[in-house]
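This is what each chain is made of:
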Amino acid sequence: MNRCPVLTLLTLLPLVMGILVAGLRGQARLARQLALGSSLLSLGLMLGLWTAFDAASGELQFVERHEWIAALGVNYFLGVDGLGLLLALLTAVVTPMAMLASWRGGSRLSDAAASPGAGRSTNSPLYFALILFLQSGLFGTFTALNFFHWFLFWELSLIPAFFLIRLWGGPGRVAAANQFFLYTMAGSVALLLAFLALYLATGRFDFPALAELGHRGALAAALSERLGGFGLAAHQLVLVILGGVLFGFAVKVPLMPFHTWLPATYAEAPCGVTMLLTGLMSKMGLYGLIRIFLPLFSVPLGAPPVQNVLLVLAVITIVFSAAAAFAQRDLKRIFAYSSINHLGYCLLAIFAIGRSTTAPEFAVEKAAALNGVFLQMFNHGLTAATLFWCVALIEQRAGGLRGLNDFGGLRKVAPIFCGLMGIALFSSLGLPGLNSFVGEFLIFKGVFPLSPWAAACAVIGLLVTAIFILTIFQRVFHGPVNEKWTKFPDLTPGEIGLLLIPIALMFVLGLYPRLVLDVVNATAVQMVGQFGF
Amino acid sequence: MAWIVKNLWLIPALPFLAAGLSALLPQRRRQTAATLAIGSMIGACGLSVWALAHAIKHSAPNAPKEFYNFVWLQFAAGDAGLLQLGWVLDPLAAVMLVMVSFVGLLIFLYSVGYMATDENYTRFFCFMSLFAGAMLGLVLANSLLLLFICWELVGLTSYLLIGFWYPKPAAAAAGKKAFITTRLGDVALLLGMVWLYHETGTLLFYDGGAGCLEQSALAAMVAKTTNIGLAVSTGIGLLIFAGAVGKSGQAPLHVWLPDAMEGPTPVSALIHAATMVAAGVFLVARVYPLMSAPVGDSAGAATALQVVTWVGAITAFFAATIAMAQNDIKRILAYSTISQLGYMMVGLGVGGVAVGMFHLVTHAFFKALLFLGAGSVIHGCHEEQDIRKMGGIRKFMPVTFLAYAVGMMALAGVPFFFSGFWSKDAILHAAHGWPVSAGPFHLAFAGVGLTAFYMTRQMALVFWGRYRGYPASETRVARTPELVRVRAEHEPHESPAVMTLPLVVLALCVVALGGVGTPWAPWFQSFLGAEPAAGFTRDVVQLMVASTLAVFVGVGFGLAFYGYVQRQTAAEPDLLSKALPLGMYDWLAQKYGIDELYELTVIRFNAWAARACAALDQWVWNGVVTCISRGALLLSWVARAVDECALNPGFDRSCDGLRGGGRWLSRLQDGLVQHYLRIMGLGLLAWVLFWIWGGAP
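First to last, the protein sequences are chains H and U.
Start counting the first sequence at 316; every next residue gets the next number (the working numbering).
Start counting the second sequence at 69; every next residue gets the next number (the working numbering).
Don't read these hints as lab results, they were simulated from the structure.
Note that the structure is predicted; figures quoted are calculated from it, not measured.
Glycine included, every Cβ here is placed at the ideal spot set by N, Cα and C.
Misleading hints may appear alongside valid ones.
Said to hold, decoys possible - Covered stretches of chain H (in silico footprint by chain U; criterion: 3 or more residues with CB under 8 Å from a CB of chain U, positions within the stretch not fixed):
hint, region
1, 401 to 408
2, 683 to 690
3, 772 to 782
Chain H extracted, bound-state conformation (with noise of 0.2 Å):
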C-alpha cells in the first residue's frame, strides 16, 4: 500500500494552483502560464500511478482511508481501479488541450456584433481558474469512494462549469447555463435523496460496501425493512430507489429523453469548455452507472422488463441522435448530437451487461462489453475534444462562424487542417485503424449475444454517423473554394504540433489497444465476477 496521499495531492493540486492563478488578476499571460503549467504537473503525476499501477489486478489501489464521521458511515476513501485510474488519466490529458484551445481568447467578432458586452475573452485568469477547479472536481469524483466526499466533488465540478458557460458562452449563454445548471441539479437531488434512502436503510455510504450489499442481493430486503412504511412493495421500493440514482447519472451522460439541455450547452459554451463538458464531464455520468448503479442494482436489472426498457432508451439515444445530427446546421451542435450518440453505444453496452444469466460464455461476452465500454469512454473523450478543438481552429479563422454551409473547398487553402481534422472525424466515425473502432467493437461483440436485437439496432447509428461526418467532409472541405475563404490560413507550425498529440494518440490507440486494454483488463474481469448474476 502507497503510504503517500497521492490521490489527495493529485485533487488539491489543481484546487490550490486554481486559487493562485485566480489571484494573478492582472497578469493573464501568467495566469495562463501557469494554469497550464499545473495542468501539465498533474498530467506527468497521472502518468506516474499510470505506470506505478499494477495493471495485474482488478483491486483497489492507491487506497487512502480514514475515518471521518464515523456516527454517520462517512470516511474519506480515496482509491482507484482500472476504471478511476483511466477516467483520471483522461482528465489529466483533455484539461491541457483545452486550455491550449482557448489559449488565443478565441474572437468572436460575430457574437460580439451580435450582443454588445458579450465579446468577452478566454484568456483571463478566472477562466484559467475555473478550469483547474473543474479539473480538481474530477479528479475527485473519479478518486472518491465514499458517497459524501463524492458527492460534493460531483457538485464542485458543476460549479466552475457553470460559470464557464454563463460567462464566457456565445449569445445564448444565459439560458443554456441555467439550463444546464437546473437540469444537471435537479438530476443530483434525486441522486441525493437515493442515497439518502440507502444510507437510512443500509447505514453505509461506501461504494465497495453497498456494491457488496447489492452484490448480495441484501437491497431490497433493507430497503423494505426500514423504508417499507410508504405501502410499496419491496421490489418497487427498489425500482423507485434505482430510478433516482439512474436519472441522476442519466442526465449526466445523458440518456435520452433527458438529454435536452446538451446541444445548446455544448453549442452555447466556448469551445474549450465543450471539450471538458463533452470529453470528461460526459464520462462522470457512465463513471457513475459502473461504479455505482451496476453492482448496487445487479439484481433488479437482472429483470427483463426493466432491463429491456433501459436498453430501449439506449437504442433510442443512439439512433435519435445520430439522425439529429444529420438535421444540424451548425458544426458545434452536429458534434454535440454525435457525442450523445457515442455514450449511448456506452450506455447499451451498460445496460446489456445487467442481463441476468449465470453462463460462463456469456462472462466473456460481458467483460468484452465492459471493456468495449472503458476504450470507448477514453476514446470519445480524446476524439470529441480533439474535434471541438478543430471546431475552435475554424471558429478562430473564420471570425465566429462555424455553419455547415458557410465554408466549402477548406481542403483547396487548408489542406494541413484538412488531413489533421479528416483523422479527427475518420476517428469518430469509427475507421479501423484509429481509436475508436476498437472500443466499438468490444462493445458491440459483447452486447450482440446478450441481447441482438439491440445491437441489431443500434448499427443504424454507425451507418447514420457515417452520413453525417461525410457530409460535414463534402460540405466544409470539398467542393469548389468558397470566394470568401481564399485567404482562410492553413495551421501555424505551433497549432500542428499540438493537434499533432492527440492525433498520433489515435494512430497509436488504434493500432496497439493494449496499451489501455491491458490496464483496465483485470478491473473489467473484476468487476464482471463482482457483479455476480
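For this one, chain H is given, so just place chain U on it according to the hints.
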C-alpha cells in the same frame, strides 16, 4: 515455419510504409513519392511471387494451412478473452497476392504518365500505396477481424481516390455515396462477424483445428438453429454476404460503382475494376467453408450459396442490359464490371472457389487493361469521355487500339485465345449442372450475348468510323497545310510509352493466362480447389459451342447496328433506341431509374427521419422540459402571490401588533420612581392575595 510464411506481413507493410512516408512529403517532391510507391510495389510483388512459389511447392489436396497468429489484445479473462489476428498463406491468398501486386505495379507505372500534370501527384501516390497495402492485407488476413479492418481501409482509400478531384462537386458526392453504400453492407458484415465470434469463440479462419472455418466450429454452427428457423451458419453467411454485396456492387447496392468513375482512371482500373470491388467475391471465397456448410436436408446447395448464386445471376444480367445504353466510356466499363462480378458470384455459388476465383483473376487483368486503355483514349482525346464524340481513334492510337481489342475480346468471351473465354465458360458449365434451378444459367447465358453486344458497340463507336471530336467550327475538309495543322490540335494522340507499356504487358497476360485453366489442363482449378478438377468432358464441348454462338450473335448484332452504318455526328440518336420497343432504350439509359428510386425512398426517408428526430428533440423533449420549468415558474409565482397577499399581511399585522404592544409597554418604563413604586406595590398586593387564597403549599 518457412521464412516467407512468418514474414508475410512484409508484403502489405511495404506499401503502407511508402504511404506513410509520402504522406509526410511536401507536394513538390513528386519524383520521390512515385519512386517510393513503385519501389514498394516492386518489393511487394517480388515477395508475392515468392509466396506463390512456396504455396505451389506445398500444395496438395487438403494440405494443412500455413498461418501465423499473434495476440492483438485481451478483453476478458483467460484464453477465451484473447483476440488474435494473423495471416495465412494458402493458394487462395497466394494467387490474390500476386494478382494484386502485379496489376497494382503496372497501374502505378501507368499513373506516372496519366497523372503527370496533376498538382496533387504526391498525394495520389500516397493514397494509392495506402490502398495497395490495405488490399494486400485483406487478402492475406487469417482473421475475419483483420480482414474487416483492411476492408474498411480499402473503403476509405476508395473514398479518398474517388473524390480525388474534390473541387468537382460530382466527385465529392460520388465518394460519399460510395462510402455510405458500402457501409450499409459493412454494418451487416460487422453483425455477422460478432455473431460468428460468439458462436465459435474465435475469428481466426485457421488455427490448427480451432479456427472458425474448421470442422468443429462449422459442425457446431450447422447444428444450431435460430429463432426464425435458419441454421446459425446460414444466418452468419448471409450477413457476411451482405458485406460482399456492398463491396462488390451487387444488386441492389450497385449504385455507387458507376458514380465511382468520377475518380482518376488509374483508380478506376485498380480499385473499381481489378481489386477492391473483387474483395467481396474474395470474401465469399475465403469463408466458402462456412457458406457451403451443408445444413440439414437442403439437397445439393446450402441456402447461403443459393442466395449468392441468384444475386450474382440477376446482377450479371441486369447490369449488362444497362451497359448497352450508356455513352460514357468508363460507365460502360463500370456496368460491365458489376455484371462480371455477378458472374464471379455465380461461379462461387455453383462451382466453388476455383471457378469463381479463376474468373476473378482473368477479369482483373482484362478489365484493368480495358480501363487503362480507356484512360489512354480519354487522355488522347483531351479528357473526353463520351463515346459519341469519338470514332476512328484506331488510326491515331494504334497501340491502345490493339491492346483494347484484346481486352474487349477477352471480356466478350471470344474463344480460345483469350483467358476470359475459359473462365466464363467454366462458370457457365458449372451453372448448367446446378441441381437447384436452371434460372441462373439462363440469365448468365443471356448475359454473354449482351456482353459481346455492348463491347462491340463500344469498340465500333470509339475506334472505327470517322473522328467526331472536332469542334463544330472545324468541319471543313483539311486541304491546306494550315487547316491540317489546326485540325491536328483537336485530334487524338497516342499516349507516352510509360502508359502504353503497361497496356502491352497486360494484353500479353490476358492472352497467356487462359493457359492455366483450360479444361484440358485445369492446373488453376486443381491448385485452388480441394480436390483435382474434373477436366475435359463431353458436355464441356457442347457448352463451349453454345456460348461461342452466343458471343458471335452478340458481336454480330453489334456490328449490324454500329459497324456498318457509322454514326456521323455526336448528336444523332442511338440506333438501338429505334430498334428496342416500348422506350426500353430510355429505360436502360436511365439505369432503370434505380438511383431516382433511392433518391425518392431511402434518401428522402433519411432526411425526413433526421428532421423528425430534430423536431422531436426541439418540440417534444424540449417542450416537456420547458413545461416543467414553466410549471416551476408558475409555482413560484403562486408561492409569491400567496406570500404577498396572504402570509405577508398577517405577518405584517402581527408585527404591527407586537410593535404596538412594545410601544405600550415601553411607556411603563418612564424613569419616574413613584410609578415604579406603585407597580411594585400592586405586584406585592397581588402576590399576597395569591398566597392567601390557597396558592401556597
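Quick rundown of the hints versus the structure:
Chain U is given as covering the region 401 to 408 of chain H, and this is violated because 0 residues of the stretch bring a CB closer than 8 Å to a CB of that chain, at least three being needed. As drawn, the region 683 to 690 of chain H meets chain U at 3 residues by the rule of a beta-carbon pair under 8 Å; at three or more, the given contact holds. Given as covered by chain U, the region 772 to 782 of chain H passes the check, having 7 residues with a CB less than 8 Å from a CB of that chain where 3 are the minimum.
The structure fails hint 1 only (numbered hints given earlier).
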